[in-house]
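**Q** Construct the entire structure; sequences and hints are all you get.
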Amino acid sequence: MARLVYDKDGRLLFTKEMRKEYTMIFPMMAPIHFRILKEVFNNMGYHAELLETTGPEIAQTGLKYVHNDTCYPAILAIGQLIHAVQSGKYDTHKIALMITQTGGGCRASNYIHLLRKALARAGLGYVPVVSLNLSGMEKNPGFKLTLSFIRRAIAGLIYGDTLMLLKNQCEPYEINKGETNALVEKWSAYFVERLSKSKGYSLKEMKRNIFKLTDEFALIKCDRSKPKLKVGVVGEIYVKYSSLGNNSLEDFLKDQDCEVNLPMMLGFILFKIDNRLEDIRLYGGSKLKKIVCTLLLDYCTKTEDIIVSSISRYDCFNTPGKYAHLKSLVKDVIGYGDKMGEGWLLTAEMMELVESGYENIVCTQPFGCLPNHIGGKGMIRRIVELMPNANIVAVDYDAGAVKVNQENRIKLMLSIGRENMLKK
Amino acid sequence: MKRIGLDIGSTTIKCVVLNEEDQIIYSSYERHLSKIAEKIEELLSRLEKEVLHEELDVKIALSGSAGMGIAEASDFPFVQEVYATRIAAKKLQPDTNVIIELGGEDAKILFLTDGVEVRMNGTCAGGTGAFIDQMASLLNVDITEINALAEQKEKIYTIASRCGVFAKSDIQPLLNQGARKEDVAASIFYAVVNQTIAGLAQGREISGNVLYLGGPLTFLSELRKAFDDVLKTKGICPENSLYYVSLGTAYSADQVIHLPTLLERVKNYSHLGNFAFQPPLFHNQEEYDEFITRHNKAQVAILSMDDYQGGYYLGIDAGSTTIKLVLMDEEGNIRYQAYMSNAGNPVPLIKKELEKIYTLKPDIKILSSAVTGYGEDIIKNAFRINFGIVETIAHFVAAKKFMPNVDFVIDIGGQDIKCFKIHNGAIDNIFLNEACSSGCGSFLQTFASALGYDIATFSKLGLFAKKPVDLGSRCTVFMNSAVKQAQKDGATIEDISAGLSRAVVKNALYKVIRVGTSDELGKNIVVQGGTFLNNAVLRAFELELGVHVVRPSISGLMGAYGAALYARTMRVKDSEIVSKEELENFVHEIQVMNCKICPNNCRLTINKFANGRVFIGGNRCEKPVTKKSVANQLNLYEYKQKLFEEYIKPSQNEGKRGTIGIPLGLNQYELLPFWKTLFEALDFKVVVSPFSTRSLYLEGQSTIPSDTVCFPAKLLHGHVVHLVHQGVQTIFYPCMSYNVDERKGDNHYNCPVVAYYPEVINANVKILEREHIHFIKEYVGIHRKKDFPHKFLNILKEHFKDQDFTLKEVKNACKKAYQAYEDYENKIVLKGDEIIANARKNHQQIIVLSGRPYHLDPEINHGIDKMISSFNVAIITEDVVARKVKQKILVHVLNQWTYHSRLYLAASYVGKTDDMNLVQLVSFGCGVDAITTDEVRDILEKNGKIYTQIKIDEITNLGAVKIRIRSLLSALEEKEKKHG
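Taken in order, these protein sequences are the chains called A and B.
Heads up: the first sequence begins at 1 in the working numbering, then just goes up one per residue.
Heads up: the second sequence begins at 1001 in the working numbering, then just goes up one per residue.
Hints were generated in silico from the structure; no laboratory data involved.
Label-pair restraints from in silico Cβ distances:
1) Gln256/A to Glu1030/B: 29 to 37 Å
2) Gly284/A to Arg1694/B: 38 to 46 Å
3) Ala182/A to Glu1030/B: 48 to 56 Å
4) Leu1056/B to Arg418/A: 25 to 33 Å
5) Arg418/A to Lys1649/B: 55 to 63 Å
6) Leu1890/B to Arg281/A: 32 to 40 Å
7) Gln256/A to Glu1055/B: 26 to 34 Å
8) Asp255/A to His1423/B: 51 to 59 Å
9) Glu1769/B to Gly284/A: 29 to 37 Å
10) Lys1642/B to Gly284/A: 35 to 43 Å
11) Lys1649/B to Asp298/A: 48 to 56 Å
12) His1423/B to Glu185/A: 55 to 63 Å
Computed, partial: chain A to chain B, Cβ under 8 Å:
13) Arg107
14) Arg116
15) Gly337
16) Lys339
17) Gly341
To spell it out: a stretch of chain A is covered by chain B in this simulated footprint if at least three of its residues, at any positions, have a beta carbon under 8 Å from a beta carbon of chain B; those stretches are:
18) 68–79
19) 270–283
20) 322–335
21) 364–370
C-beta atoms are modelled at their ideal positions from N, C-alpha and C, and glycine is treated no differently.
**A** The structure is reproduced here in structure tokens:
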């Protein structure tokens, strides 16, 4: 059994030994993306496991071990992890937990500490926790974000984004039920296989794959003659993507006969890199940092180009807006210095959705989400002034919020959306 | 063909039937008591027989959130209710601009012109009709009476308008202090108005033709008047104002349906049992019997007064919803007891009880007496009770009687949860419920009556429920909707009853005490308070913790019993309690006035008793009572406020370059010296908005886009509007991701709200655009001293194009600004040290009243500093002691916010300093403090200190705060006694 090693501040480290022996488990957020990402970890020599658990016990476990006023994503993600550790499925002396840490000024950077406090309370202080971040926080001897790792992760992400975008645009219209999903499964399996062979992450192959994939989705037999209500979903990243966090919002909208559009996760990554450059521009900062961030930003922009150029070949698909375009949309609306949480990107995503025909928007956030007071709820009025056809509802998610109320509010937005659609 | 519209609201079901000419030929309005499926069935059968006769093909639809589930399951056409309202208004009142509709639990505003917008209350705003119901029952009147009362109003009190629970804790003390019911009733209506506007208008002005719809606005003329008054308009409440939703639904109905078929589908609406549930409270009768036998052991003898000739001790617990009185003999047996609900003013109730006692035993010898609870002060003064003690002490004394080695006491009363740990025989750690979850006992009661039961019957129903609903741990408002959902999913009344009992317990454990495991509470637990008389709640508590606890037989009387026991231990020469004769001539007059001594403007209630005795309530400090100056009090808040008064004064310079307005809020409470100096050095004249007041807040209230943001942020709207009203043309309010770097943490961020609130102001305060205000919200980084002048020069050039600025000039100005900031900080530290030294000289306790710089605002801190210092303790702030810690400290959180970093440092310093204690002020809705509070507590507790947290919001009631502070102080006293 691996020896427990602590750093000078008493933090339990994830050692090289653990890397061999331990299973690293991480909580679910966006299924298509995360299932592919899991493979990236395995390919890099870790034993990763993605939690697919659902049910009310997860929130209950979270509420039991995490301060109840903390944001809902923390309660769920930590709840899901602790629930798994306590499930009896794992040898608790051979698992490590993994959680992201953004390093920004919002509470999310503290989830990892809340997780450790929760473990300690549950008598599981010996389970190591690994921080996944791009800011160089909390280093571990057994876990390193190498350049090749980052490249693979970005590949996984953009594959996930493309599959998500196309799935959302085909599934509501497909004639043969299940065809779209089968294609998602097929391609996901293919990406997993390529990544497990250390392949599939060069820009060249990414381009080849994504173009081919788009072609295949374009071949799905669809009936788009009866227009569906187009609904965009934006918000705090966890509740936006996670069905556990948003009470299966996507399914609900699909049941209400809508086409759903979730903006790409890549946009968030670009935003987080670009923030560092904006900081330097606004306040001053190191040249080296500027060079590194610019390189990374350029690389990610190239991957974005691949998705956009591939999808734009087909009229039947809505081409996602580029990050640079999103940024230009909010120029006179909100400052680029607003970088905490989703910051100005949230405002930009709403505006881009309205611009590309997804006028009806659900803006999701955990109850009391601090950054969304600004970029979400704080900007809706301004957006509606600038784009009078925007029809936005802000919905709070929380362990205490009730589905029936949330759905009622969304239904109101949908009723107005339908009325607007008829007018056209 | 006839059209039918049904509207299933949270409490009522409304129905209209229209003929071919769209005339109403039938309408009904009735309560559904949450038996929704049955009611719809009944209604449809009635329509079939009595209204439709042979024409059974109709166009029918249903609306309302409570009907959503059944609509889906039985394929009943559904129309969203706000949407339906709009359809109806367009048809019936086409020139309407704005609709305000209040329902049982919903509030809605619809803007129909200039861009249609629809607003519904969010998850937090709570119910309005239900809220008024609740408030009426608090006043002990029904809904018509409350309206009649409001007609007689003389003045309006400020009642927190955010959610019912908050308002309740404002109203209760008002009543206890003897405020007029008429004024309270009217104030409740104004609270509803403010809640609706603050929560829903979100920056849009309510003007033009306003339409009032829904039950409360239809039935309550005074509520309409309150809306008219605040909106400065004259709204109309049209014919059929109750039926707009059902009318709109009927108009929208376009599907032809054969009614009997639909009725069949509704009948078959299956109760799926598809809700989260927990194990039963009791599986069988044996389990129940064992439980009852075990708890019957904790008894205190209750004897008659007849055969006893000794002396008596009187204990009174004047609680928020109930009043308890105990007369104890010298052996500790109870000889007389009373338990009555508090209809508002406790004085006449106690008077009546004392009269009864004097009648029963005219020659009674009351040796000593004590009173505790919300009404402590007034009762003590009205009847000359010997001692007033804080509730926690009363409960501790009583609990010890049943379990001498008790290490944890939890008391769930009508409106509060109080619990505390006992460490080395002293109260060590106090938990009181924050205003947001105080539902507790009174919640169970309201719920029972809403469902048509009395509380005793209702809770008994749950004892053997098979599947208690899992309602989680949440505040009342959320609970309401959770229950609705469970009912929709087919939970029985038994399951709901048991579920609510478990929810109350979970609230106490996970929201208030925040335990992980029962070990944390110790092994010897005494539970008490009226709510634990309820066996379902008691059982739920034991199940949740997995331990056996002691519930005294007089669980509901423990406060009063504890007071009596206390009176017995404290010997007095002479009990001065009012005599029989005095009671006969008892006079109690109440007068209300505003104190004008300081900006807190406390609303004082002056109670006059016979013989000219006067008692003043509602005061925060002793000034209005003793007329003493408090200049020599050791209170750093006052000093800081004085310093700021200087900074608030307009600049003395000419302002060659123009005038800049700065709103005094959030981080400006520390950075104002910096910015003011900077602009003055650049030859600008600086105008600053004043300390916040209620009316300043109201100036900006309608422009707040997020009702859940913290109160300090909300106040900014008023400040900006105020500056504009003063004629300021240029306002400077910068965005700041980063705060000053004090090099004691991992980073030095501001929280997202402090950092970017200028963006919210810019996007939502319309007057800025209307008046063409030059609003500067640039992103600045004063943490980079070298870069800042260059960056700031660019900002100046960008915004003042017609003027020249040189780098040298800006650099000089920046130098002065940094110096001014440092000077300010140094003054604070110097004064802080002086206070510490003086306090030590006088052997006074020192409280580090910690929070954020903006907690200095009197409208935010509600004068808590003054209240605390009236207990003869010295008050300093966290920045003073944080500076004394010279190196980084190890914390178990990411230490990345400057303000919060100071809290950890302060906690660690206080932990190592004997005569200091820390009290943390936390603004409601502050997400970041969910992280800091736990860490600060940990640091203090590791050092053997008591952690005290005070949550503050718009709320102005200091009752709960007083309990905490007094408990803390008496615990400290106990500790000191122990250590000799």
